[in-house]
Amino acid sequence: MTDPNQLLMQIAWKRLWTPGTPYYLPTAILSGASGNGITVDPLGTLSIADTGAIPLVQSSTWGNISVELVNAEVAGINTLTNGGMVYDSTSGAFTATLGLTAGSFTGDYSASGTGVAGCAISAASTLLGSGADAAFVRDDDPVEDPNLALATSYRDQLALSDAGLDQVASYYNNNDTLNEVVSGQNGPNAFTAAWPNATPTGPGKTSGYFAQQTSTAAQNPNDPNATVGDTDYSVHSFCMQGILLKTLLAMSTQKGDRYDQAAQSTLTFRSQVQQQPPGPTTVGTVMTTLGTTPPTQVASNTLDEGPPAATEAAQPVDWDAVLQQADAYVDETYGHWDTMATEQHTEWTAALQASSNSINGSFVDNFSVPSAKLSGTIQVVGVSPNTSLQITLSSFDVTVPRIAISLSGSGSFLDAVQNAIANANWFQDLMAKKIHDQLNSAKLLSWLTDRVNQSITEALGNFGDA
Amino acid sequence: MPSFDFAIGLTANGLDAVSVSLYQQVPQLFKGTQQASVSGIEYTVDWNVEAPATFDLSDPAGAQSALRAHMDAAEPPLGVAASSTPPPSAALLDLAAANAAAFSFTYQSVGLALSAPGVSPAGLTIALTATAHMAVSGTQQTMVIDGMTTPQQSDPVQNWIVQNVVLPEMLASSQQIFGGVTIPEITLPGLTLGPPVPFVQDNTLIAVANLATEPQPDVPAAGTVDWPGSDFFTLISQNAFQALTANYIATSQSTMSDSGSSGDHWGGDDWSYSLGIGSPRVTLNADASVTLDAAVQGSVAASIYVLYVPIGVGFTAYTEPGLSAQLSVTVEGSSLVVKTTSVASFVLVVAPSGSVPEEIVGGMLEPIVLAVVAAFSPFVSSFLGGIQFASFDIPTYTVSVGGVTITMAPTNLTVSSVDGMLALVGGTAISG
Chain A
74 MTDPNQLLMQ IAWKRLWTPG TPYYLPTAIL SGASGNGITV DPLGTLSIAD TGAIPLVQSS
134 TWGNISVELV NAEVAGINTL TNGGMVYDST SGAFTATLGL TAGSFTGDYS ASGTGVAGCA
194 ISAASTLLGS GADAAFVRDD DPVEDPNLAL ATSYRDQLAL SDAGLDQVAS YYNNNDTLNE
254 VVSGQNGPNA FTAAWPNATP TGPGKTSGYF AQQTSTAAQN PNDPNATVGD TDYSVHSFCM
314 QGILLKTLLA MSTQKGDRYD QAAQSTLTFR SQVQQQPPGP TTVGTVMTTL GTTPPTQVAS
374 NTLDEGPPAA TEAAQPVDWD AVLQQADAYV DETYGHWDTM ATEQHTEWTA ALQASSNSIN
434 GSFVDNFSVP SAKLSGTIQV VGVSPNTSLQ ITLSSFDVTV PRIAISLSGS GSFLDAVQNA
494 IANANWFQDL MAKKIHDQLN SAKLLSWLTD RVNQSITEAL GNFGDA
Chain B
436 MPSFDFAIGL TANGLDAVSV SLYQQVPQLF KGTQQASVSG IEYTVDWNVE APATFDLSDP
496 AGAQSALRAH MDAAEPPLGV AASSTPPPSA ALLDLAAANA AAFSFTYQSV GLALSAPGVS
556 PAGLTIALTA TAHMAVSGTQ QTMVIDGMTT PQQSDPVQNW IVQNVVLPEM LASSQQIFGG
616 VTIPEITLPG LTLGPPVPFV QDNTLIAVAN LATEPQPDVP AAGTVDWPGS DFFTLISQNA
676 FQALTANYIA TSQSTMSDSG SSGDHWGGDD WSYSLGIGSP RVTLNADASV TLDAAVQGSV
736 AASIYVLYVP IGVGFTAYTE PGLSAQLSVT VEGSSLVVKT TSVASFVLVV APSGSVPEEI
796 VGGMLEPIVL AVVAAFSPFV SSFLGGIQFA SFDIPTYTVS VGGVTITMAP TNLTVSSVDG
856 MLALVGGTAI SG
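Taken in order, these protein sequences are the chains called A and B. Residue numbers for the first sequence follow our numbering, beginning at 74 and rising by one. Residue numbers for the second sequence follow our numbering, beginning at 436 and rising by one.
Hints were generated in silico from the structure; no laboratory data involved. The structure displayed is predicted, hence computed values, not measured ones. The beta-carbon is built from N, C-alpha and C at its ideal position, and this holds for glycine as well. Take these hints with a grain of salt, some might be off.
Residues of chain A placed beyond 10 angstroms of chain B at every Cβ, according to the derived structure [what the hints assert, rightly or not]:
1. L116
2. G180
3. Q327
4. K328
5. E531
Derived list of chain A stretches under chain B, where covered just means 3 residues or more per stretch with a C-beta under 8 angstroms from a C-beta of chain B [what the hints assert, rightly or not]:
6. 78 to 87
7. 156 to 162
8. 169 to 179
Per the computed footprint, the stretches of chain B lying under chain A, defined by three or more beta-carbons under 8 angstroms from a beta-carbon of chain A, are [claimed, not checked]:
9. 531 to 539
10. 574 to 588
11. 643 to 650
The shape of chain A in the complex, shown without the other chains (with noise of 0.2 angstroms):
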């Protein structure tokens, strides 16, 4: 059927594509313009408000990475193309094609690290005290260090298992508490200070030691004369998880906190290795055990049949005599641990001030939208016979690709940093949302509105017979 409003609709919006109009898009969000008796002012800034720190990852060589982005604007806007416009007469519904060859995301940054941290298995690794490259064994990279790599690997296959998966979902669960404690992320504690260096089972006897049994153990788990288990080992462990609990509880300041949960955590773990072998075993063994029986059936087999009969030739465990020692020597040796911890605050204060870094710059990334909807509503308004056609534009569907900002600066923290943006999906989406909102945004539309209407009234002025 014919409708004369598609046509004209057709020459109103050619006339935004025509150079040496005011109204010629390209130009005129850039520069603005002048004629036909208007000025046009140009688009100006699409600013974007500053984002405050965001954290980006914690690593083990910098600490907590966070970045701050400010002074950031959407520009390009003039490398708009257009890909046509479709008008239903029947709704007044208008809908524009544009695509945008050149568009950039830029302002300036500032990014810091905090200092050491790190999650708990890795922060264990490095306080085993083995040496300075334990110290820059980075979370996203654990593979650099092989014991941290044969964990990952246990974890893995323990979490194949209900009983096993019980512990790692323990574990995980309290990450965060057991990371602040035992990585010592807040500053040395008791924990940390005793972790390498109590010897409860004799001189030479540290966590270290009894570390490397248990590496050597795990990677030949089913070989007898390599075992974990024996009555040194199981107090060492005992003392350790002792001196974490107090640890904990030192921390809580209610019950049910997340300091108490985790001391309860702790717990699990004391009445869980009491249910493995008692005495020294493989941990292909232990493996097995947790990967065949259920939580509950691992302490009914204990508590009514006993536990799996041991391959290895065992010397018992006397849990008792365990129990009694570890708690005796916990109970005697903690405030000791707790003044060293004091003792070293004030050196952990001046070393996390020397590994801490920051850096700002300048940040860019260029992008492209191929193809996006700009839509509205097209209405005859005024009183006849002076009525003309009127656009409102209402939104711009846009999709904006994931944005990898580059900043501007170089260095080995810098490095860090653009590592982190690079592999943060979440971040780029987050400045690709906040990018979609300004193309969506009241000042855009307003002005395009502008525009478009400043070019229906040019081409077609008034709609009804005069």
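With the hints as your guide, set chain B onto chain A.
Showing chain B alone in chain A's frame:
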């Protein structure tokens, strides 16, 4: 040279072929029966379109005038003009009609049989002329049937029946038949075209478009473009062909890089290069071949070590003469394919730039230069010699009417040059 990047044209013959096919495939839409009451007498009106419609693209101004008249005759509201608001002013309707790609088609022979109780049966044959235009929606074009006329009949009863019964029925039928004719968006690989601008010129229905990054084109003034006279044609500008070629090079493996070292820091070097083929410039030749000129782009750098002292050396890489290849454009299947036919010989020159001590130039840099030349020179020859890409997928058009789909495909296509543009001309083949 024309001021558009792409044109597609279809003559009346091409449209007539579609019309013939529709007439054969959906005959039920070309005949009918209707009741009409005239002066208290109930007439039965049978009509039968005895020949397919023929299109007339020879008088666009006349068709625009007819379209304008149909706008006046149309019942308001028009478009968004609700009953409480006026329709577009007469001046705006003039503007709308004057900018429409209007044309007409005619049913030359429509047989009518009129019968009523107590009245002698009457038969007559009339001609019906419809006015149509191409409407643009987004980047598509759709045929819109605006109205239909027929000469006045001398018999007042017959005239009343023809004007008030037959014409509306045939208009509705034509809208159903030809309203399904849609020209889809034209696509060029890697490029985006802006909305088309349709018009009628030189007995041809034409649409022109620019790359989306360019302003929308105006309708070329009559006589400024030597449109091909074939039933179907497309024209591609040098600007568009340039963009197609640049896109091909940018998206192909047109760069290479390498690095190496020799000796040690007592006396040795580190070197690297990243070179590619860039700055393509396309010239469409009168024989419809294409000349591609390009240049070497990129960097070559080295650090020369003498007793642990590094001396940075930059290089300039270029060819003498510049890179040049001849390309052919041929129709292969449903694609317009661009291929290399020859590559002009060249010499790749890699020369140190800036101030470099002669003894270094003579001694330590020569192996670096030779290594770069030995690797990149054959790469350039191979790339230019192996250019092959589809520049344009030749479209087919479909019309779906009454459950029947008819396909119109360009056929017997040849490549030529028209007004400095690459022309693809041929006929049309209908299937369905």
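Quiz item: Broken hints, numbered, in rising order?
Solution: none
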